Amino acid sequence: MSRVKTLQSLFKRYRRPGDIVFAWALLIVSVFLLSQIFQQAVYKPGGKLFAQPIFWPAVSLTLMTVFAAFHLLGSALSERLEGRLTEVLLWISALEYAAWFILYAAVVPVAGYLPSTLIFAVLLVIRAGFRGRVAIVSALVSALVIVVLFKTFLQVKLPAGRVYEALPDGLRQIMLTYF
Amino acid sequence: MENLIAGAELLARWDVLFALLVGSIGGVAIGAIPGVGPAVAIAILLPATFSLEPIVGLTMLLGIYGSSMYGGAIPAVLINTPGTAVNALTSYDGYPMTERGEAHRAVSLAYSASFWGGIFGIICLILLSPVLAVIAPMFGSREIFLAALLGIILVILAHRGQIFAAGMLAMFGIFLQTVGLDPTTYTQRYTFGLTFLSSGINLIVVVLGLFALSQAFFLLTAPNSSPDAKPVKGNLIAGFKELLQHKRVATVASGFGVILGMIPGTGEFTAQFMSYTYAQKTSKSPDEFGKGAPEGLIASEAANNAVPAAAMIPLLALGIPGEALTAMMLSVFYVHNVIPGPQLFQNNIDLVYGLYLALILLNIIVFVFLLFSTNLMTKVIRVPTRFLGVMILILSFVGVYSLRNSLTDCMIASGFGLLGLILKRLNLPIVPIILGMVLGGIMEVKLRSAMPRLKTPFDMIDRPISFILFALIVLVIALHLRTLLKEYRAHRPDEDHEIHDTQMR
Numbered sequence: 001m002s003r004v005k006t007l008q009s010l011f012k013r014y015r016r017p018g019d020i021v022f023a024w025a026l027l028i029v030s031v032f033l034l035s036q037i038f039q040q041a042v043y044k045p046g047g048k049l050f051a052q053p054i055f056w057p058a059v060s061l062t063l064m065t066v067f068a069a070f071h072l073l074g075s076a077l078s079e080r081l082e083g084r085l086t087e088v089l090l091w092i093s094a095l096e097y098a099a100w101f102i103l104y105a106a107v108v109p110v111a112g113y114l115p116s117t118l119i120f121a122v123l124l125v126i127r128a129g130f131r132g133r134v135a136i137v138s139a140l141v142s143a144l145v146i147v148v149l150f151k152t153f154l155q156v157k158l159p160a161g162r163v164y165e166a167l168p169d170g171l172r173q174i175m176l177t178y179f
Numbered sequence: 180m181e182n183l184i185a186g187a188e189l190l191a192r193w194d195v196l197f198a199l200l201v202g203s204i205g206g207v208a209i210g211a212i213p214g215v216g217p218a219v220a221i222a223i224l225l226p227a228t229f230s231l232e233p234i235v236g237l238t239m240l241l242g243i244y245g246s247s248m249y250g251g252a253i254p255a256v257l258i259n260t261p262g263t264a265v266n267a268l269t270s271y272d273g274y275p276m277t278e279r280g281e282a283h284r285a286v287s288l289a290y291s292a293s294f295w296g297g298i299f300g301i302i303c304l305i306l307l308s309p310v311l312a313v314i315a316p317m318f319g320s321r322e323i324f325l326a327a328l329l330g331i332i333l334v335i336l337a338h339r340g341q342i343f344a345a346g347m348l349a350m351f352g353i354f355l356q357t358v359g360l361d362p363t364t365y366t367q368r369y370t371f372g373l374t375f376l377s378s379g380i381n382l383i384v385v386v387l388g389l390f391a392l393s394q395a396f397f398l399l400t401a402p403n404s405s406p407d408a409k410p411v412k413g414n415l416i417a418g419f420k421e422l423l424q425h426k427r428v429a430t431v432a433s434g435f436g437v438i439l440g441m442i443p444g445t446g447e448f449t450a451q452f453m454s455y456t457y458a459q460k461t462s463k464s465p466d467e468f469g470k471g472a473p474e475g476l477i478a479s480e481a482a483n484n485a486v487p488a489a490a491m492i493p494l495l496a497l498g499i500p501g502e503a504l505t506a507m508m509l510s511v512f513y514v515h516n517v518i519p520g521p522q523l524f525q526n527n528i529d530l531v532y533g534l535y536l537a538l539i540l541l542n543i544i545v546f547v548f549l550l551f552s553t554n555l556m557t558k559v560i561r562v563p564t565r566f567l568g569v570m571i572l573i574l575s576f577v578g579v580y581s582l583r584n585s586l587t588d589c590m591i592a593s594g595f596g597l598l599g600l601i602l603k604r605l606n607l608p609i610v611p612i613i614l615g616m617v618l619g620g621i622m623e624v625k626l627r628s629a630m631p632r633l634k635t636p637f638d639m640i641d642r643p644i645s646f647i648l649f650a651l652i653v654l655v656i657a658l659h660l661r662t663l664l665k666e667y668r669a670h671r672p673d674e675d676h677e678i679h680d681t682q683m684r
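Chains A and B supply the protein sequences, listed in that same order.
Anchor point for the first sequence: position 73 equals 73 in our numbering, and the numbering is continuous, going up by one each time.
Converting from the second sequence to our numbering requires adding 179 to each position, the first position being numbered 1.
Pulled out of the complex, with its shape left as it was, chain A reads as follows (with noise of 0.2 Å):
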């Protein structure tokens, strides 16, 4: 009995709910990527060992594994810890946001980087939970100056929007180039 007892003592560690969830996905993503290793490396016979394609992520999947079992190992020998639920359900809720940001940049190319930012920075901070009109206006200006400071003026590579197309002449040419 003492000797599990001290065992326990030591693995046990600081955690927070939801950690043996994290613990147990890890394993079993190294384990599968490890079991893949034969199929998605090569190695090429009379070449020295060190340098085969294979070896490094032979290695680094090897020792993640290992590293991925005494981690689950010390979570399951720590003490339950309530709110395992809602921690895991609070991951899956970030979801939403990824898929906002990915939204956005599918629709950069098409609605131009201007209009996209203003509308888009303005829907999140409602989404976030503010109505003033303070927290609006404040939105719509730091969309402003993000757009103006990397693309007016940082030139940073972004495409241009393809609504740019319909404006007229010379309006075009500046929107095409600086928003």
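Because the hints were derived from the structure by calculation, they are not lab data.
This one's a predicted model, so the numbers in the text were calculated from it and none came from an experiment.
Be careful, since some hints might not be right.
Unchecked claim - Per the computed footprint, the stretches of chain A lying under chain B, defined by three or more beta-carbons under 8 Å from a beta-carbon of chain B, are: (1) 80-87; (2) 115-128; (3) 148-159; (4) 167-179.
What the hints assert, rightly or not - Below, in silico cross-link-like pairs of lysine-lysine (DSSO-like), each with a Cα-Cα straight-line distance of 30 Å or less: (5) Lys412/B - Lys558/B; (6) Lys44/A - Lys420/B; (7) Lys558/B - Lys420/B; (8) Lys412/B - Lys426/B; (9) Lys558/B - Lys409/B; (10) Lys634/B - Lys48/A.
Idealized CB from N, CA, C, for every residue including glycine.
With chain A fixed as given, assemble chain B onto it according to the hints.
Just chain B, lined up with the frame of chain A:
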């Protein structure tokens, strides 16, 4: 000396000076806002700097890196929330001073100590350069391989109490950089037949996901809060006079910062802990620590500000980054075809000196700026966290998308953003993934190029520096095992740190 002048010439251009000014003042603001760290800012700006000249881009990023810790001290002292994780210990003594009505004294001491640490770090860097220029060329492929290996081991072991997690994530990082076409045999590695994976997983996409997007998700999924900091009244120069009474603490703390900054994988957090402990042990009034002891504040601020300059040493001399921020800067060098490492000191020594001078200027600009605008910063702190989350999300887009206008990159970055969110929520470290990717790449390349010269495994360590590095690796592992054994015998698991320096940045 002529190198110094050549370096100064490199800086004496309006665009370089402007970049430095923007970087340093922006860095202060970014450091002051709890929730945005220098890592978030550097990650977002990284692709934008690719179109600039190396010296302009680098001074801007250096400005953010070096000045964020000045800014981070403001909320640490005034509202007990460190602006960046490396200011955590500043709040231990800074906030009690604010509660006593000495906010002005605490802030001004923090600035002075930061300035002291920053300048001390740069002086060490300048003094060490001639030595580095001699030693660096002795680093061949095997030495750099061993140094990178040592870096990986130290990164893992530095996360005490989370070694398995850190190890797992570092290995994941090493694995990530192997995905794609193998550079010598042109065979696919872990592409699962997907075309977008054959060019590999881009480091910057991962960095932006793990640091910037994850922070946006983190702020957006948490309840809103708007920190309230009271303005500070009084003359801020007074702190410098008080600092001079604690020269010893400030200098030793800066020394810790320099030494730990040079060693890959350790960095600001460890430096702060060690110098804080030192200050407490040698103080005449150790009981005052945690209740508003000026020495505690000085030790923590001097130590963390000495790190950026020192962290440049392994980066410039060997091309080995010691933590996430220098790992990001490494990609700026690569994009401009300036390869940091031994050759840099031979071919681009003016760039090296230019960067040193930029660091000195940066400390002066920030110090002067803060003397006049601390109260402006107390207003910046009040930005609501969820609003900040929206802004980080919008800014992350510029970073990811401008890289190569790819929607796939945005999706990959979102995936890493979710991973980063989970790691942040669980208080697990993010840095091992990034360092695993960068150091893993270095290890693979260097081991390969060292191969033709190795007949037996012992040839790996038959040169003086490689032998020393190998001995260090063995020593570090042995020492760690010894501590583990001791703790096991004492039946006392070691305490975990509440915050790791990798969090919140």
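Hint check results:
Closer than 8 Å: that is the beta-carbon criterion, and the stretch 80-87 of chain A has 1 residues meeting it against chain B, so the requirement of 3 is violated. A count of 6 residues in the stretch 115-128 of chain A with a Cβ less than 8 Å from any Cβ of chain B is obtained; the coverage claim is therefore met, three being the minimum. Coverage of a stretch by a chain is defined here by at least three residues with a beta carbon nearer than 8 Å to that chain's beta carbons; for the stretch 148-159 of chain A and chain B the count is 7, and the condition holds. Only residues whose C-beta sits within less than 8 Å of a C-beta in chain B count toward coverage, and the stretch 167-179 of chain A has 0 of them, not enough to reach three; the restraint is violated.
Taking the CA atoms of lysine 412/B and lysine 558/B, the gap is near 14 Å; set against the 30 Å cutoff, the hint holds. For the proposed pair lysine 44/A and lysine 420/B, the alpha carbon gap of about 68 Å is over 30 Å, so the pair is violated. The straight-line distance between the Cα atoms of lysine 558/B and lysine 420/B is roughly 27 Å, inside the 30 Å bound, and the hint therefore holds. Note on lysine 412/B and lysine 426/B: the hinted pairing holds, with a Cα-Cα distance of about 25 Å set against a maximum of 30 Å.
With a CA separation close to 9 Å, the supplied pair lysine 558/B and lysine 409/B stays within the 30 Å bound. For the hint pairing lysine 634/B with lysine 48/A, the CA-to-CA distance comes to about 11 Å; that is within 30 Å, so the pair holds.
In this structure, the earlier hints numbered 1, 4 and 6 are contradicted, and the remaining ones agree with it.
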